[in-house]
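Full structure from sequences and hints, please.
Chain residues, written in single-letter form:
There are 4 protein chains.
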Amino acid sequence: MIAIGIPRSPEIELKAEGSYGSLPCWACLLLELRTVKAAVVTCGGLCPGLNSIIRGVTKCLWHEYGVREILGITAGYNGLSDPDSHPPIKLTEENVRDIHMKGGSIIKAARGGFDAEKICDNLQRLGITVLFLVGGDGTQFAGHLLYEAARKRRLDVSIVGIPKSIDNDVVLFDRTFGFETAVAKASEVIRNALVEASSCDRGVGIVKLMGRDSGFVAMHAATAADVVDLCMIPEVNVKMKDVLEHVDATLARKKYMVIAVAEGAGQEHVSTGKKDDTGHTIYGDIGVFLKDTLNKHLKPSGGRTFYIDPSYIIRSVPITPNDHIYCVRLANDAVHTAMRGYTGVCVGAMHNIVCMLPSRLIATGKKKVRPHSSSWQGCVQTCNMPAALSGLF
Amino acid sequence: MIAIGIPRSPEIELKAEGSYGSLPCWACLLLELRTVKAAVVTCGGLCPGLNSIIRGVTKCLWHEYGVREILGITAGYNGLSDPDSHPPIKLTEENVRDIHMKGGSIIKAARGGFDAEKICDNLQRLGITVLFLVGGDGTQFAGHLLYEAARKRRLDVSIVGIPKSIDNDVVLFDRTFGFETAVAKASEVIRNALVEASSCDRGVGIVKLMGRDSGFVAMHAATAADVVDLCMIPEVNVKMKDVLEHVDATLARKKYMVIAVAEGAGQEHVSTGKKDDTGHTIYGDIGVFLKDTLNKHLKPSGGRTFYIDPSYIIRSVPITPNDHIYCVRLANDAVHTAMRGYTGVCVGAMHNIVCMLPSRLIATGKKKVRPHSSSWQGCVQTCNMPAALSGLF
Amino acid sequence: MIAIGIPRSPEIELKAEGSYGSLPCWACLLLELRTVKAAVVTCGGLCPGLNSIIRGVTKCLWHEYGVREILGITAGYNGLSDPDSHPPIKLTEENVRDIHMKGGSIIKAARGGFDAEKICDNLQRLGITVLFLVGGDGTQFAGHLLYEAARKRRLDVSIVGIPKSIDNDVVLFDRTFGFETAVAKASEVIRNALVEASSCDRGVGIVKLMGRDSGFVAMHAATAADVVDLCMIPEVNVKMKDVLEHVDATLARKKYMVIAVAEGAGQEHVSTGKKDDTGHTIYGDIGVFLKDTLNKHLKPSGGRTFYIDPSYIIRSVPITPNDHIYCVRLANDAVHTAMRGYTGVCVGAMHNIVCMLPSRLIATGKKKVRPHSSSWQGCVQTCNMPAALSGLF
Amino acid sequence: MIAIGIPRSPEIELKAEGSYGSLPCWACLLLELRTVKAAVVTCGGLCPGLNSIIRGVTKCLWHEYGVREILGITAGYNGLSDPDSHPPIKLTEENVRDIHMKGGSIIKAARGGFDAEKICDNLQRLGITVLFLVGGDGTQFAGHLLYEAARKRRLDVSIVGIPKSIDNDVVLFDRTFGFETAVAKASEVIRNALVEASSCDRGVGIVKLMGRDSGFVAMHAATAADVVDLCMIPEVNVKMKDVLEHVDATLARKKYMVIAVAEGAGQEHVSTGKKDDTGHTIYGDIGVFLKDTLNKHLKPSGGRTFYIDPSYIIRSVPITPNDHIYCVRLANDAVHTAMRGYTGVCVGAMHNIVCMLPSRLIATGKKKVRPHSSSWQGCVQTCNMPAALSGLF
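First to last, the protein sequences are chains A, B, C and D. Residue 10 in the UniProt record's numbering is what sits at position 10 of the first sequence, and the numbering runs on without skipping anything. Residue 169 in the UniProt record's numbering is what sits at position 169 of the second sequence, and the numbering runs on without skipping anything. Residue 334 in the UniProt record's numbering is what sits at position 334 of the third sequence, and the numbering runs on without skipping anything. Residue 88 in the UniProt record's numbering is what sits at position 88 of the fourth sequence, and the numbering runs on without skipping anything.
Think of the hints as simulated: they come from the structure by calculation, not from any bench. Misleading hints may appear alongside valid ones.
The list treats identical chains as one, so a pair stands whether inside a single copy or across any two.
Stated by the list, open to error - Think about it this way: if two alpha-carbon atoms lie no more than 27 Å apart in a straight line, the pair counts; the simulated DSS-like pairs of lysine-lysine are:
(1) K239 to K255
(2) K90 to K102
(3) K254 to K37
(4) K90 to K255
(5) K367 to K254
(6) K118 to K299
(7) K275 to K296
(8) K102 to K254
(9) K102 to K255
(10) K299 to K275
(11) K254 to K241
(12) K102 to K368
(13) K274 to K239
(14) K90 to K254
(15) K274 to K368
Take a look at the structure:
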């Protein structure tokens with residue numbers, strides 16, 4: 001964030017910019033820093049970097065603002081709605097020191113549990129004046145509702161979101177934290193598939209990767225591993241006839257091949273037509289479908305598939321160094337944003353500059369791979385995929 | 001092998017010991033080194049270290065014996081029975097130089113294809129006088145049959161096996177190559193499961209590991225990761241009631257837990273009662289059974305499982321340094337053994353000294369974990385498992 | 001490349017799609033693709049990603065343009081000035097297939113050997129019409145001279161540079177390939193230093209990192225490892241008195257500390273006053289100076305240093321997945337640039353869009369860390385460095 | 001340890017074997033378990049696995065014997081001689097849970113500080129009845145002296161050593177913990193040297209490895225990396241003339257080469273003739289000597305060296321999975337040994353069975369590589385070293 005130096009210059013006022021928040025501007029806030037009580041919560045599934053964010057937020061509050069009351073809310077929104085069942089953890093400079101070196105979330109991530117009114121009650125009861133929400137678009141939309149509920153009650157609380165999506169499908173911002181790490185691990189697994197496929201006659205390695213709506217992980221991992229012959233993403237519909245032709249051509253040329261497929265790809269072939277309790281479409285398993293289809297297709301000619309579904313292995317790895325730098329930037333800027341009194345906003349990089357945007361904007365959709373983009377066409381080229389699978393036609 | 005210096009001292013005779021072979025003793029062989037044509041074949045599924053063995057054999061033949069005609073038979077026994085469909089690759093000092101740094105087998109591993117008579121024909125036709133068989137007990141038994149067929153024809157060929165089993169279930173020898181590497185990778189995956197389980201309320205990570213008949217991989221990986229709370233192996237039958245009690249007790253104490261289960265464990269709970277075309281029992285999927293059972297058991301209390309089946313990821317990793325040293329020893333000693341004229345034998349370490357044994361002995365059974373052994377009881381202790389799951393009662 | 005045709009050598013004109021270069025436009029070029037002969041050369045020291053670039057260039061030429069004559073010039077400019085002593089290697093789709101998985105350069109990187117006239121002779125003699133120069137600012141300036149010499153001779157050759165600097169000190173472009181990989185490995189080594197320092201009473205780990213003129217590697221690695229207490233870079237002069245005070249304060253607080261220092265930092269303390277044969281200043285060894293100074297300073301109180309100089313270890317690692325993606329983009333865009341007839345230009349990302357710029361611009365200086373930038377101030381904050389070491393005063 | 005099941009069967013008596021100890025046999029001990037207070041101390045330099053040992057000892061005491069008073073003595077013997085300056089840390093099941101996943105020693109390793117009488121005073125004062133000493137031959141000899149001093153005072157304390165040597169030079173036992181990990185990391189660094197050397201014309205990579213008196217690390221790492229052309233160890237004297245001839249021959253054949261040299265090798269070429277304060281010979285730096293000698297030798301022909309000294313990087317890595325298993329075995333057996341009342345002994349594996357031996361025996365010398373052993377000759381063969389460098393003549 002360009003304004004990073006500001007917190008050190010208390011004479012600067014932020015009236016105009018500071019108008020979102022329910023708290024006064026940062027200059028005034030300084031006087032009351034002793035009363036600041038902060039909390040951080042991680043919602044949804046695991047994603048690399050959660051501990052980096054938790055640590056970054058804690059460290060910045062501790063060292064830059066002298067805040068000593070920092071709570072790690074456990075079990076996502078559940079811990080805010082019902083802190084008795086899910087008691088928070090005190091976070092200190094000391095107990096977050098090493099956490100960025102391992103995967104997961106020391107405060108446990110969880111889905112569901114959102115209840116704006118109960119949460120407002122608990123924020124008030126616990127005296128929390130600064131709240132950091134780490135989670136996906138659903139979490140940030142809930143954050144927006146919480147911000148509105150808080151404003152209605154005239155609750156003095158800064159609510160700042162840090163969007164999280166291992167799929168990198170958050171709109172408006174450049175990329176999500178943890179995404180590069182997921183791509184790195186995914187590309188490592190793709191190379192496992194390469195070894196399996198190429199150590200066998202007419203072997204086909206298939207790796208199913210995350211990406212319900214957006215194929216960023218599959219696309220980047222395929223480009224990064226640079227040994228993939230077919231990449232399938234939700235944004236590009238393909239005919240199985242074309243897939244099989246490409247498989248045959250590739251096997252004829254190289255004797256083995258590797259496929260990276262996003263979980264949301266090819267739903268036209270595997271659609272379940274069902275929805276779960278919350279109204280979300282239940283996706284068909286494209287990985288298993290591909291495995292079965294190709295095994296059947298290849299059997300006469302002696303080929304076979306090796307199918308890998310590494311989802312949990314990817315989600316749980318420690319963050320990579322470069323990705324950690326991004327987490328630190330986001331965490332710091334989230335803290336600076338909150339401490340200057342902004343609320344109802346999310347932080348993220350736009351054109352590589354960390355900015356804030358109203359949380360409701362983050363929940364307006366999913367970012368998608370554009371089939372005409374140089375990223376996807378570069379991936380198509382890297383994979384030597386034919387025009388029929390390129391999404392251009 | 002104690003006798004490692006011997007090939008350099010041509011005056012030593014090896015009559016008594018050398019009596020197995022169809023070739024004369026090593027001393028005579030030296031005179032005919034120019035005519036030696038060697039071949040190496042990798043059978044069965046992938047296992048870390050195949051490339052190390054291929055390289056070790058090639059390098060030792062090349063540098064120590066000056067052999068220049070070395071064939072990599074492709075696709076396992078298929079490449080010996082039908083070299084026209086699966087043409088062999090020429091192996092040279094140059095083209096094996098880097099292969100030990102990556103997983104898989106550059107000459108492709110494959111199952112089936114054994115036909116002793118056709119293979120004898122082809123050995124004769126190709127002029128192969130030294131043959132290295134890398135594969136499991138089935139492969140080595142076939143090696144024994146090949147040795148007998150060759151002897152009947154008075155074929156001048158040394159057939160030396162290097163037993164392979166990622167499960168480490170080869171009888172008589174200390175351990176198989178690739179096993180330590182598999183354990184290392186498996187324990188890494190177990191730590192992924194730990195991250196998932198511990199970043200969630202009442203999370204249970206389940207990792208299914210290889211081990212149809214023997215639980216060595218699961219046992220060692222559980223001990224090595226040192227974060228496992230329950231290890232299940234084929235050699236120890238347990239009641240699901242006891243498993244569920246242990247799960248409840250562990251979750252009550254730690255709020256999360258990790259399970260490592262060998263694929264052949266708990267077959268009494270999942271038995272299919274079916275056999276495949278070759279008469280092998282089709283195993284039930286204990287991993288999925290555990291996942292489903294525990295999900296159902298935990299649902300009322302809010303817990304859930306994270307199930308990982310990393311089989312292909314483990315098989316395909318590059319060999320670890322210490323394991324590579326073992327491969328080099330085996331490869332060298334296999335070459336020395338063959339070049340001295342032994343045949344129908346396998347090499348492996350016994351009490352840490354590389355020895356040779358008749359191949360037919362290798363095929364007499366599977367090595368198993370002994371429930372009373374300090375290895376298993378040490379694993380039980382590491383996991384804090386109760387007596388009911390320890391196999392002692 | 002979105003920015004097709006935007007930044008360009010002003011004196012050249014672009015007609016339909018590609019009229020700028022010394023070659024005819026791309027449309028025409030297509031007709032003559034069979035006559036295209038390409039070459040790639042890597043100059044200067046090692047940097048992660050060289051093999052990715054070599055592979056990317058080869059693959060793009062091969063698959064997208066059908067070029068089959070691609071030479072890997074060995075030993076940098078030496079191989080162009082004197083191809084008889086340093087014969088080139090033929091690059092094919094096949095022999096570059098795996099190279100991106102390992103560090104180094106398969107065509108060997110080397111310094112010196114530039115002779116514009118000889119090189120023009122050899123380009124002509126070998127029939128090379130497309131040349132890719134991978135190297136630092138010196139290499140690109142030489143590339144500019146070569147372009148001028150070629151133009152004088154009316155040589156039909158496209159000369160396209162891909163700037164390389166493990167220090168990330170190339171002006172104008174966002175970042176150099178290999179830089180993120182270097183940061184990742186450097187931060188791993190910093191964690192080794194942390195282990196040493198913290199497993200000892202009053203231990204101080206010191207890691208010297210690359211960065212003669214610019215502190216990007218040290219700054220990013222310190223931020224990424226997030227365990228560093230003092231980061232020193234060439235752009236920020238500090239007094240040893242302030243350094244020692246910070247060391248004492250940190251040891252008093254934590255009992256151990258970690259220092260990351262760029263090789264060009266603190267030259268005011270270690271200046272040699274000498275220049276080498278080529279007129280470059282010979283730098284004093286700030287790492288050894290810090291080690292000795294701190295050992296002396298700490299001895300009375302029982303402390304000690306652990307000094308690590310990991311330079312060669314960092315330079316030689318395989319590229320990270322995300323960095324490889326950048327290499328692929330650069331390589332592809334370099335090929336598209338060259339094949340459309342541009343020459344005398346370099347490719348690189350500006351605001352994350354790959355563009356081309358005249359090579360002579362690349363050689364006009366070194367990019368530096370700005371002490372007031374949020375990157376450096378964020379690093380200062382991450383390290384908890386006092387104002388006196390922050391470069392702000 | 002074969003006797004692993006014993007602690008669970010209190011009816012077994014251990015009279016004869018149990019006679020060393022000052023404590024009665026284990027059966028009686030059980031009655032007094034509540035009064036057991038244990039301590040563990042790590043002496044000397046860092047070595048992978050210290051945290052595994054600390055954790056293993058703590059976990060076994062906690063779960064198998066119900067001991068709840070476990071101290072981590074800080075700063076080696078200093079913390080026993082002067083616990084006021086180096087206060088111990090309480091170890092619990094909880095605070096050792098993750099420590100085996102990172103390098104170093106959470107209780108800090110340190111040299112010196114041994115004073116048998118002061119230590120006996122402090123053991124008495126702190127009520128420590130079980131003491132685990134992790135350290136090299138010097139530490140274990142001090143342990144023997146401490147045992148004698150304690151016996152003289154009739155102090156009820158079990159003193160059990162776990163020998164530590166990253167060089168693997170402990171006599172009598174098969175191998176030391178941490179050694180395999182050191183070999184693994186060393187072989188990784190050797191591959192860095194390979195990349196440097198082979199990406200340059202006539203490049204020579206030199207890696208200096210630990211091994212003052214014994215070349216096990218260099219020998220095993222050279223065999224494991226399997227890309228080394230020359231390995232030099234203290235046990236084999238070589239003439240520089242022969243070294244240079246081998247360098248020339250290797251460069252002529254391959255154009256690059258890699259050297260692994262133990263720090264204690266070739267002292268005849270670099271001897272300082274000096275001794276330090278404690279009477280130990282100060283070794284000359286063979287790594288720098290080789291670098292300088294080869295640079296000079298190669299300059300005329302255009303070659304150069306790349307010298308890497310990775311000592312601290314190797315010492316500080318986390319333990320490998322297989323090595324951790326060994327640590328767990330040692331820790332468990334050390335605890336069982338101590339709890340059964342043995343004292344003045346060390347534990348370690350002999351022919352792969354964990355045994356105990358009187359500590360004074362451990363201090364009687366250093367284990368060395370035998371030049372005629374198959375390990376060294378296998379290494380010579382792997383490196384393609386000529387007879388003159390093989391140690392056989």
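K90 and K254: within-copy, between-copy, both or neither at 27 Å Cα: Between. Shortest inter-copy distance 18 Å satisfies the 27 Å Cα cut-off; intra-copy 57 Å does not.
Within a copy, between copies, both or neither: where do K90 and K102 come within 27 Å Cα-Cα? both (19 Å within a copy, 24 Å between copies)
Checking an output row: K254 and K241, CA cutoff 27 Å. Within, between, both or neither? For K254 and K241, the Cα distance is within 27 Å only inside one copy (20 Å; across copies 49 Å).
Are the CA atoms of K102 and K368 at most 27 Å apart within a copy, between copies, both, or neither? neither (30 Å within a copy, 32 Å between copies)
State whether the alpha carbon distance between K274 and K368 is at most 27 Å within one copy, between copies, both, or neither. For K274 and K368, the Cα distance is within 27 Å only inside one copy (23 Å; across copies 46 Å).
Between the shortest in-copy and the shortest cross-copy C-alpha distance, which are at most 27 Å for K102 and K254: within, between, both, or neither? Between copies, since 19 Å is at most 27 Å while 39 Å is not.
If the cut is 27 Å between Cα atoms, do K239 and K255 qualify within a copy, between copies, both or neither? within (23 Å within a copy, 47 Å between copies)
Is the C-alpha distance from K367 to K254 at most 27 Å within one copy, between copies, in both cases, or in neither? Answer is neither; intra-copy 35 Å and inter-copy 39 Å both fail.
At most 27 Å between alpha carbons: which applies to K274 and K239, within, between, both or neither? For K274 and K239, the Cα distance is within 27 Å only inside one copy (23 Å; across copies 37 Å).
Given identical chains, is K90 near K255, meaning Cα to Cα at most 27 Å, within a copy, between copies, both, or neither? between (57 Å within a copy, 18 Å between copies)
Since the copies are identical, ignore which copy is meant and state whether K118 and K299 lie within 27 Å (CA to CA) inside a copy, between copies, both or neither. between (58 Å within a copy, 24 Å between copies)
I want to check one pair: K254 and K37. Are their C-alpha atoms no more than 27 Å apart within a copy, between two copies, both, or neither? between (61 Å within a copy, 25 Å between copies)
The earlier numbered hints that this structure contradicts are 5, 12.
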